[in-house]
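Colleague: Residues per chain, in single letters:
Number of protein chains: 2
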Amino acid sequence: MKGIIMIIDGMGDRPIKDLGYKTPLEVANTPNMDKLAEIGINGIMDPISPGIRAGSDTSHISILGYDPYEVYTGRGPFEAAGIGLDVIAGDIAFRCNFSTQDENGIIVDRRAGRIRKGTEEIAGSINSLKLEGFEDIEIIFKESTGHRAVLVLRGAGLSDKVSDADPKHEGKPPKEVVPLDDSPEAAKTAAILNKFVKTSYDLLKDHPVNLKRINDGENPANVVLPRGVGAVPHIVPFGEKYGVKAACIAETGLIKGIGKITGMDLIDVEGATGGIDTNLENMTASIVEAAKNDDYEFILINIDGADEAGHDGQMEEKVKFIEKVDAVIEEVMKIDDLYFILTADHSTPISVMDHTGDPVPIIIKGPEVKVDNVNSFNERAAAYGGLCRIRGSDIMNILMDFMNKSEKFGA
Amino acid sequence: MKGIIMIIDGMGDRPIKDLGYKTPLEVANTPNMDKLAEIGINGIMDPISPGIRAGSDTSHISILGYDPYEVYTGRGPFEAAGIGLDVIAGDIAFRCNFSTQDENGIIVDRRAGRIRKGTEEIAGSINSLKLEGFEDIEIIFKESTGHRAVLVLRGAGLSDKVSDADPKHEGKPPKEVVPLDDSPEAAKTAAILNKFVKTSYDLLKDHPVNLKRINDGENPANVVLPRGVGAVPHIVPFGEKYGVKAACIAETGLIKGIGKITGMDLIDVEGATGGIDTNLENMTASIVEAAKNDDYEFILINIDGADEAGHDGQMEEKVKFIEKVDAVIEEVMKIDDLYFILTADHSTPISVMDHTGDPVPIIIKGPEVKVDNVNSFNERAAAYGGLCRIRGSDIMNILMDFMNKSEKFGA
Numbered sequence: 041m042k043g044i045i046m047i048i049d050g051m052g053d054r055p056i057k058d059l060g061y062k063t064p065l066e067v068a069n070t071p072n073m074d075k076l077a078e079i080g081i082n083g084i085m086d087p088i089s090p091g092i093r094a095g096s097d098t099s100h101i102s103i104l105g106y107d108p109y110e111v112y113t114g115r116g117p118f119e120a121a122g123i124g125l126d127v128i129a130g131d132i133a134f135r136c137n138f139s140t141q142d143e144n145g146i147i148v149d150r151r152a153g154r155i156r157k158g159t160e161e162i163a164g165s166i167n168s169l170k171l172e173g174f175e176d177i178e179i180i181f182k183e184s185t186g187h188r189a190v191l192v193l194r195g196a197g198l199s200d201k202v203s204d205a206d207p208k209h210e211g212k213p214p215k216e217v218v219p220l221d222d223s224p225e226a227a228k229t230a231a232i233l234n235k236f237v238k239t240s241y242d243l244l245k246d247h248p249v250n251l252k253r254i255n256d257g258e259n260p261a262n263v264v265l266p267r268g269v270g271a272v273p274h275i276v277p278f279g280e281k282y283g284v285k286a287a288c289i290a291e292t293g294l295i296k297g298i299g300k301i302t303g304m305d306l307i308d309v310e311g312a313t314g315g316i317d318t319n320l321e322n323m324t325a326s327i328v329e330a331a332k333n334d335d336y337e338f339i340l341i342n343i344d345g346a347d348e349a350g351h352d353g354q355m356e357e358k359v360k361f362i363e364k365v366d367a368v369i370e371e372v373m374k375i376d377d378l379y380f381i382l383t384a385d386h387s388t389p390i391s392v393m394d395h396t397g398d399p400v401p402i403i404i405k406g407p408e409v410k411v412d413n414v415n416s417f418n419e420r421a422a423a424y425g426g427l428c429r430i431r432g433s434d435i436m437n438i439l440m441d442f443m444n445k446s447e448k449f450g451a
Numbered sequence: 041m042k043g044i045i046m047i048i049d050g051m052g053d054r055p056i057k058d059l060g061y062k063t064p065l066e067v068a069n070t071p072n073m074d075k076l077a078e079i080g081i082n083g084i085m086d087p088i089s090p091g092i093r094a095g096s097d098t099s100h101i102s103i104l105g106y107d108p109y110e111v112y113t114g115r116g117p118f119e120a121a122g123i124g125l126d127v128i129a130g131d132i133a134f135r136c137n138f139s140t141q142d143e144n145g146i147i148v149d150r151r152a153g154r155i156r157k158g159t160e161e162i163a164g165s166i167n168s169l170k171l172e173g174f175e176d177i178e179i180i181f182k183e184s185t186g187h188r189a190v191l192v193l194r195g196a197g198l199s200d201k202v203s204d205a206d207p208k209h210e211g212k213p214p215k216e217v218v219p220l221d222d223s224p225e226a227a228k229t230a231a232i233l234n235k236f237v238k239t240s241y242d243l244l245k246d247h248p249v250n251l252k253r254i255n256d257g258e259n260p261a262n263v264v265l266p267r268g269v270g271a272v273p274h275i276v277p278f279g280e281k282y283g284v285k286a287a288c289i290a291e292t293g294l295i296k297g298i299g300k301i302t303g304m305d306l307i308d309v310e311g312a313t314g315g316i317d318t319n320l321e322n323m324t325a326s327i328v329e330a331a332k333n334d335d336y337e338f339i340l341i342n343i344d345g346a347d348e349a350g351h352d353g354q355m356e357e358k359v360k361f362i363e364k365v366d367a368v369i370e371e372v373m374k375i376d377d378l379y380f381i382l383t384a385d386h387s388t389p390i391s392v393m394d395h396t397g398d399p400v401p402i403i404i405k406g407p408e409v410k411v412d413n414v415n416s417f418n419e420r421a422a423a424y425g426g427l428c429r430i431r432g433s434d435i436m437n438i439l440m441d442f443m444n445k446s447e448k449f450g451a
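Protein chains in written order, with the working numbering: chain A, 41 to 451; chain B, 41 to 451.
None of the hints are false.
If several chains are the same, the list does not tell them apart, and a pair holds so long as it fits within one copy or across any two.
In silico lysine-lysine, DSSO-like type, Cα no more than 27 Å apart, as pairs:
# : residue 1 : residue 2
1 : Lys212    : Lys157
2 : Lys332    : Lys364
3 : Lys62     : Lys75
4 : Lys75     : Lys374
5 : Lys208    : Lys448
6 : Lys410    : Lys57
7 : Lys448    : Lys57
I should point out that these hints are in silico values taken from the structure, not numbers from a laboratory.
Just chain A, with the same shape it has in the complex (with noise of 0.2 Å):
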């Protein structure tokens, strides 16, 4: 028996005027989404508890069974994790833009004319750098996609509580570091930023990269700045947590970096952008060649696209998209031996164009569930279903349950 939760990101909305005052799932053409309905049990989840507007972050660790209050302390140390990092309980670690500084000091572009090509070499010179003075921290570095990359931190005495470098807007100076606590932790990390920031000026200047982009008229990354801030946390692998190997089909960097520091198999799907225009049947031959993949007894599967649209505020965009995602659905519905849960992480509605608190549909189709009276798959349905209300926290309990992979508390 095989466990498959499958999460559309951002995929709940709010009653829209424009669709009638239905939600887009609700509007959307899902035949596959409703037969699944049918024949599974239905309900309402609230990823982290009523109202609570979760991140993807925090949303996807409660799902997993860990608690985000605990563990979560920032985006860096999943962002890092996602790129492929092998990031260690402790560290700090931090997502970056490359950006343009003038002779000045001013930021001048915070995306350094969108870079897209060079940043690994520009980030080759970073990396393993050694701050004078500070020369037992080691300086891990690396680009990510377009202007992005992350800094990780490693070594004793050393804190998340620190603010952002990012001075969020252009024609500012790096803004100062400062400490967000009395620590002597937090004051050695915000000395090490603040020399980070310089530091990366000087290197980056006259870096060849950046001379060819002047010289072509485009803006040099010439300076890096950090924010995001978090500590890796201790976190027990989910393997270990729930005896399961567990593989992550996932978009994002975000997403991916949970799975990764959660100790799962990260599969890479070619064409997977975390946007609309995702190659959506590559994502589903992957999930399908993990499912048949006799080591995999649990995957975990992100698709983003709709809450692309949500952010966007594109609400045809995501109906057109979670009707895409319903040819998927289709697919994993063919798989045997599965329980199969498919719910979405938070909402993000078209009219709020960001994360909201609202509960999410959640369906759990497997042999042994007790089928209900839901025969579509929606946010409205779904409260009638007979799950009723769960938490994100509830879901692994309640799969691993139906797995046989739990132990009895108590006699």
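Please arrange chain B on chain A, whose structure you already have, making use of the hints.
Modeller: Structure of chain B alone, referenced to chain A:
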């Protein structure tokens, strides 16, 4: 966008044989509440958690998003705040009775002939009292309604771990206050209270108000008996916690005290008695006025009569009062740009004549709620609504999410 939580105190009930096994809310003619159910999302709500018999105070505390197990030690602080005392964290507060003690030290009337007049003068001779040996402790004493009063002890080395002085029954002397733990603070506080009770008799036995009462054949208010001890909690003000300016429209000292301790503006309503004879027209006018006042983004409303009828076992009066409240709902429903939450703080069933742990019905009406199929407001129908079953502690998170006043947790 504004938010209103209207709490019909003790409205919930249980099936009553004389009503054909329906509840007062089920039989009451409430077209406006039913309309609200029809255009809103419905559910049942456990003020604290299923089966827990909440007080009005602990329920309101929970609904406002504070943990009653953390902030509530007793009723005293809320009663004190409710009559206008500026209590501060750490104060030890008590509800008190003016009682009648005879020359043998026996309490012959716990309510001092239900004294109505002169308590302000009597209280004035006790307020600011210095007790010998405890000159460092500030004594704040103020009359409340009828035979009731409030005592606040302020200073170092005090504790709320002390027993009551009220013997609960006539024919006994004041109960000796004893410390309830081994701390020196509890011992000190108990000693202060015993001295306070004795001193109150010395100060009041020949008070002019009492000499006149004796002359008129009335029982004198010649001793003060504290009970309902509580420590004033450290509480994050409501406005700071949620970033909204809040008002409280309540009838009873207890609920007013909760509003005051959480830093809300208290709006007094003429003729608001807290009984079934209360002036609901004035309540309605105050609610509508507060809703139109741009200073307020949030209003907490408590209407108390149904609870009183429940405590008194008055079935017909409870039904009739609920029908009267229905007219208030009609006016509140007319307010624009509003998230309106209608619920109760607990059930006060006619059969029990006290609070029970049953869930209560709840409606949320507002622009973006997912309207469900429920079209009447009562304990039974609500269970079939789109909210399923939530807790008091979820309500503010849900409301702030709808009002777009909450922060995202994660990315």
